[in-house]
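Protein sequence lines, in the order shown, are assigned to chains A and B.
Oh and the first sequence: position 36 is 55 in my numbering, straight run, nothing missing.
Oh and the second sequence: position 54 is 256 in my numbering, straight run, nothing missing.
Hints were generated in silico from the structure; no laboratory data involved.
Among the clues, some could well be false.
Examples of chain A residues lying across from chain B (beta carbon under 10 Å, computed) [to be verified]:
| id | residue |
| --- | --- |
| 1 | SER21 |
| 2 | MET58 |
| 3 | LYS59 |
| 4 | ARG125 |
Once the Cα atoms are required to be at most 35 Å apart in a straight line, the calculated DSBU-like pairs of lysine-lysine come out as [to be verified]:
| id | chain 1 | residue 1 | chain 2 | residue 2 |
| --- | --- | --- | --- | --- |
| 5 | A | LYS27 | B | LYS328 |
| 6 | A | LYS184 | A | LYS160 |
| 7 | A | LYS184 | A | LYS141 |
| 8 | A | LYS184 | B | LYS328 |
| 9 | A | LYS68 | B | LYS328 |
| 10 | B | LYS328 | A | LYS75 |
| 11 | A | LYS184 | A | LYS146 |
| 12 | B | LYS258 | A | LYS68 |
| 13 | A | LYS119 | B | LYS328 |
| 14 | A | LYS188 | B | LYS328 |
| 15 | A | LYS75 | A | LYS146 |
| 16 | B | LYS328 | A | LYS59 |
What the simulated footprint calls covered on chain B by chain A, stretch by stretch (three residues with Cβ under 8 Å from a Cβ of chain A suffice, anywhere in the stretch; the number is not a length) [stated by the list, open to error]:
| id | segment |
| --- | --- |
| 17 | 217-229 |
| 18 | 263-273 |
| 19 | 316-328 |
Yeah, the Cβ is synthetic: ideal placement off N, Cα and C, and Gly gets one too.
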Amino acid sequence: MSMMDTVKGYFALINEYYSNLLEKEIIIAYDGDVTHQVMKAFTSLLEQKLISEHEKETVIRRLYHILVECLQNINRHAEGFYPKEHVEDYPGRGALLVSKSDEFYRVITANLVRTEHAAVLKTFLDKINPLNRAELNEYYKTQLMNGDLSSKGGAGLGFIDIRRKTSRKLDFHFVDFDGEYSFFLCNVTLSR
Amino acid sequence: MAALRIEPADDTPLIILNREEERFEISGKSMPEDVIDFYQPVLDWLASYRSAPLEKTIFDIRLIYFNTASSKLLLDLLMILEEIREQGHEVLVRWHSMTYDEDMQEAGREYADMVDLDFEYLTYDK
């Protein structure tokens, strides 16, 4: 395949990808390594854009927080693109889509996780989804006081807080990749 | 004891821990690449301060943002202040947040529930 064919194929892919989206305004579309620098750049870009569009300050703060937590999950827990070569210090790789409609913002992430970790994650997310506001607050405090927190973060605080800040159930899916690895897809919706 | 001052960056807060000037402050954004690396010197300083605290410690927390990884380290910090209080010294946490920022105000009330410390809530505009 010539280079031009590759480029055309790539544009066709992007075209299809955009056409299939319900929301037409894409703020960020990314697929790659999610380093701390990438996280800082995207969160800052998002914040500046929303300020320039005079979005409500509470919404800006919440969306900023959601993006930080989603990207840190990928940074700390996702596998690289070549998972078999995974090393401890390698930043996670993942795809990110931040979009906007009249009613809400949406942050979608997709990344590979080991299938055994996927099972643990699914159990945790299934546990927090049915909780009401008071139960979530209680669980957040419990995890904060007793949860196992390492330099990688953890204790599920990010997901609990996203669940609280959006007042919606977490919308997630696991898709088998090759048996050993699964795709973790997470769709966070924040009302404007 | 020697003061500790850490200048702010775009992902880490300003830290001022100064016994001589009676200034204890953490302000700005907290989402460090490695939270434990960043907060260890702060916790170490407060642990030493605990052995010879002022009669009254007023600690100002003026964060505009902190991620969930930082929230655990903030609790660790407050727990050292709680120990100072338990030793019989007065401690006041002044929790500052922007007027519109209800989430930050709620975060302060949540911490006040978790530790036995007096909190004062202050709001400010930009």
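Checked hints:
no. : hint                : verdict
1   : SER21               : 41 Å, violated
2   : MET58               : 8 Å, holds
3   : LYS59               : 6 Å, holds
4   : ARG125              : 20 Å, violated
5   : A:LYS27 / B:LYS328  : 48 Å, violated
6   : A:LYS184 / A:LYS160 : 15 Å, holds
7   : A:LYS184 / A:LYS141 : 20 Å, holds
8   : A:LYS184 / B:LYS328 : 23 Å, holds
9   : A:LYS68 / B:LYS328  : 19 Å, holds
10  : B:LYS328 / A:LYS75  : 15 Å, holds
11  : A:LYS184 / A:LYS146 : 17 Å, holds
12  : B:LYS258 / A:LYS68  : 44 Å, violated
13  : A:LYS119 / B:LYS328 : 27 Å, holds
14  : A:LYS188 / B:LYS328 : 33 Å, holds
15  : A:LYS75 / A:LYS146  : 31 Å, holds
16  : B:LYS328 / A:LYS59  : 22 Å, holds
17  : 217-229             : violated (count 0)
18  : 263-273             : holds (count 5)
19  : 316-328             : violated (count 1)
The structure does not agree with the numbered hints 1, 4, 5, 12, 17 and 19 stated previously, though it agrees with the rest.
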